[in-house]
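Asks: Assemble the whole structure, with the sequences as input and the hints as a guide.
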Amino acid sequence: MSLAEEKKVMQMGLEALSRIGVKPRVYRSPYWDFSPNTLSILEENGFSADSSLMGNDFHPYRIRRVEVHADRGNIFGATSSVLEIPVSWYLDDFPPEEYITGRQEGMNPAVGIFDRWKAIFDYALANEQGACYVVTTHPQTIGRAHMIARLEELISYMADKGAWFATLSEICDATEIPR
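Each residue of the sequence shown is one higher than the last, beginning at 0 in numbering that gives the first Met the number 0.
Keep in mind that a hint or two might mislead.
[To be verified] Subject to a maximum C-alpha distance of 30 Å in a straight line, what follows is the list of computed DSS-like cross-link-like pairs (lysine-lysine):
| no. | residue 1 | residue 2 |
| --- | --- | --- |
| 1 | Lys117 | Lys160 |
| 2 | Lys22 | Lys7 |
| 3 | Lys22 | Lys6 |
Hints are computed from structural coordinates only; laboratory data are not their basis.
All figures in this text were calculated on a predicted structure; none of them were measured in a lab.
Replies: Laid out in structure tokens, this is it:
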């Protein structure tokens, strides 16, 4: 989208949420598509955080503008006030489970996603002080009986290990990273 189109879509979404009394603080772009314009739009609209980027596996960070150069090193700009709470395709239920003809194999055993998610959690617990573990689920995927049972198993396992379960907004509030 052009800058004007992306701004218009953001405004329409914010207006719709405002009509029901909601003012979001954290943004997640559809399909984690973060355009060169997204950060400016988030700053203009007073967002505290985003959860669309993958610049770190376990730790929130401040977003920086990047001038991309395919033929030489990228140039990083100043740090934004917007906090990034990173996501990962490995912690997303859709790619391994959903079949899309000609594009995505899907339909893997639910135990496989449980094993992956547990292994990533175990690594973070053992090696990453203050790790942020962001699982992304989609209702049409995680809501199936075989999937929800694995998610319940994972939540129980994590709770037994002392995990803190929080919203992205709560993570934002608990994260102290200088601007």
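Asks: Does each hint fit the structure? Answer for all of them.
Replies: Verification of the supplied hints:
1. Lys117 to Lys160: holds (11 Å)
2. Lys22 to Lys7: holds (17 Å)
3. Lys22 to Lys6: holds (16 Å)
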